[in-house]
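J.: Letter by letter, the chains look like this.
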Amino acid sequence: MIKLNNVSLVFQGGSVALSNVSTEISEGEFAYVIGHSGSGKSSLLKLLYKEYSPTKGEIEVADMDVTTLPKWKIPLLRRKLGIVTQEPQLLEDRTTYENISFALEVLGYEEKEIDEKTSTLIDLVDLNQSMYKFPNQLSGGEQTRVCIARALASNPLVLLCDEPTGNLDPDLSIQIVTLLEKINRAGTTVLMATHDSSIVNRRKKRVIQLKEGKLISDVDQGRYI
Amino acid sequence: MRRNPLLVIATMLAVLVSSFLVFTTLSARAIVENNTSRWQNGVHVVIFLDDRVTSTAHQQLQETLESYSEVRMVEYFSKSEATEEFKTLFQDQPELVQEVDFDILPTSLRINLNDPADYELIIERMDGNPAVKEIRASGEAIERLLTLTNTLVLSATIFAILIAFAAFILIINTLRLTAYAKRKEIKIMRTIGASATYIRLPFIFEAVFESLIGTSIAVGLGWGFIQYSKTSFIAESIFDIAISDSYLINLTLVLLLSTIIFGFFASFVGIRKVLND
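First to last, the sequence lines map onto chains A and B. So for the first sequence, our numbering puts the first residue at 3; every next one is plus one. So for the second sequence, our numbering puts the first residue at 134; every next one is plus one.
Since the hints were derived computationally from the structure, they do not count as laboratory data. Hints may contain errors.
Below, in silico cross-link-like pairs of lysine-lysine (BS3-like), each with a Cα-Cα straight-line distance of 27 Å or less [what the hints assert, rightly or not]: (1) Lys58/A with Lys317/B; (2) Lys75/A with Lys406/B; (3) Lys135/A with Lys320/B; (4) Lys320/B with Lys114/A; (5) Lys315/B with Lys48/A; (6) Lys315/B with Lys73/A; (7) Lys266/B with Lys82/A; (8) Lys406/B with Lys82/A; (9) Lys317/B with Lys135/A; (10) Lys216/A with Lys184/A.
If the Cβ cut is set under 7 Å, some of the chain A residues that face chain B in the computed set are [claimed, not checked]: (11) Ala64; (12) Pro77; (13) Arg80; (14) Arg81; (15) Ile85; (16) Gln91; (17) Val108.
This structure is a prediction, so every number in the text was calculated from the model and none was measured. Backbone N, C-alpha and C define an ideal beta-carbon position, used for all residues, glycine too.
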């Protein structure tokens with residue numbers, strides 16, 4: 003599903019974000035990408051959805067050659083992916099329902115389908131009680147769940163989560179990870195970047211560890227030491 | 134558009150002024166061309182004949198003129214015909230008509246040329262001819278009028294282009310402000326996988342809408358101005374406000390189409406940076 007072959011990313015100014023990273027993530031897998039701030043976690047995820055282009059190496063995601071992907075095909079790639087960022091990017095003037103249905107409108111669904119799918123997604127992330135609340139009325143965990151629901155609008159093959167629990171307390175973080183595992187069990191490949199060792203060590207999933215842009219370990223049922 | 138109403142109004146006004154200038158300038162040029170064409174098909178040179186010379190000499194002069202390749206037609210205008218023409222021209226001034234001694238009105242030859250610009254050749258050839266008392270040519274006046282018209286058209290066109298450029302910049306600024314206000318929404322759309330076209334569409338619509346409104350009002354004002362001119366003092370002067378409805382309709386359609394393309398192009402330039410970020 004995801005292949006990185008000798009991928010490096012060097013920013014203008016010479017700062018090295020990633021250096022010769024190679025790894026593969028299979029369909030249906032759940033993997034954590036861990037490391038301290040600045041280790042390259044976010045950069046790796048951004049390479050996968052073509053927010054950045056690699057300086058060197060090849061990247062393949064969902065059978066698409068991301069390295070040479072032309073600009074006009076980037077939307078097609080992103081429709082195969084669901085992206086959840088650390089800061090919940092919600093539209094403040096729209097309710098939970100509208101934030102999710104907005105994604106479905108953008109994807110071109112018919113009105114009737116939008117209603118049905120939105121209800122399904124709200125159900126999946128257990129936000130029925132907050133359907134008509136605005137973002138400023140939601141907790142941090144609820145906001146993240148709205149973002150996850152929106153990311154699932156396109157039935158993505160891969161869910162990329164960049165520190166979704168970064169601003170949440172431990173209890174809420176567990177809720178989010180539990181939700182992500184539920185989504186993974188339904189068949190979606192999940193790649194989650196985090197620096198939260200307590201989550202990683204509890205879940206016994208594949209752990210890909212980065213340090214200063216280099217891949218230093220890649221272990222099934224790994225731990226963050 | 135609701136976010137920046139003043140900027141939107143300024144944009145529409147700039148488009149309106151530019152379109153109005155183009156519409157009225159092109160219409161005015163068409164009217165002048167129609168009028169000069171009419172004049173050019175009339176009498177180009179009038180040769181007033183010396184009555185001391187015999188009628189045979191007048192006839193010979195007429196035959197000489199008719200032999201020139203530049204001359205299409207020569208018409209002999211007798212004293213009595215000149216008198217009748219004078220009475221018709223000045224029928225509103227009976228006191229003047231009563232005072233005039235019609236004997237002083239000369240006979241004349243009225244010449245129609247194939248090319249009105251050849252009037253100078255005729256003047257040159259008739260120079261020194263004893264049968265010729267005086268020569269008057271309308272070609273010179275027409276040339277001056279056409280030169281003046283072309284200068285006015287050029288000036289108005291330059292001004293219209295400057296205003297259109299200002300309108301272009303205004304549209305881009307309006308769109309950029311809107312894009313900035315909607316940056317979060319655009320970022321989310323790009324993350325979800327919205328195509329560039331989908332993101333662009335509302336901006337294209339806004340730019341085209343603003344341009345169309347400005348041009349539509351301009352064209353309406355232009356049509357109104359022309360209709361008013363047909364019954365105003367301008368029409369009572371030397372000008373006949375002769376311009377066909379089909380010309381105005383074609384001009385309207387061309388302007389509307391141009392403004393749609395203009396708005397389209399402005400929207401592409403306006404939000405290109407937003408889509409590339």
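J.: Now look at each hint and say whether the structure bears it out.
T.: We went through each hint and held it up to the structure:
1. Lys58/A with Lys317/B: Answer violated: lysine 58/A to lysine 317/B is near 31 Å, above 27 Å.
2. Lys75/A with Lys406/B: Holds, at roughly 18 Å.
3. Lys135/A with Lys320/B: Roughly 22 Å separates the two Cα atoms, so the pair holds.
4. Lys320/B with Lys114/A: holds (26 Å)
5. Lys315/B with Lys48/A: With a Cα-Cα distance of about 22 Å, the restraint between lysine 315/B and lysine 48/A holds, given a limit of 27 Å.
6. Lys315/B with Lys73/A: holds (22 Å)
7. Lys266/B with Lys82/A: violated (95 Å)
8. Lys406/B with Lys82/A: Measuring from Cα to Cα gives roughly 25 Å; hence the hint holds.
9. Lys317/B with Lys135/A: holds (19 Å)
10. Lys216/A with Lys184/A: It is violated: about 30 Å lies between the C-alpha atoms, which goes past 27 Å.
11. Ala64: Violated: closest Cβ of chain B sits about 12 Å from alanine 64/A, beyond 7 Å.
12. Pro77: holds (4 Å)
13. Arg80: Hint holds; arginine 80/A Cβ to chain B Cβ min 4 Å, cut 7 Å.
14. Arg81: It holds, given that the least Cβ distance between arginine 81/A and chain B is near 4 Å, below 7 Å.
15. Ile85: Where the cut-off is 7 Å and the nearest Cβ of chain B is about 5 Å from isoleucine 85/A, the hint holds.
16. Gln91: The hint holds - glutamine 91/A has a Cβ within 7 Å of chain B, the shortest such distance being about 6 Å.
17. Val108: holds (5 Å)
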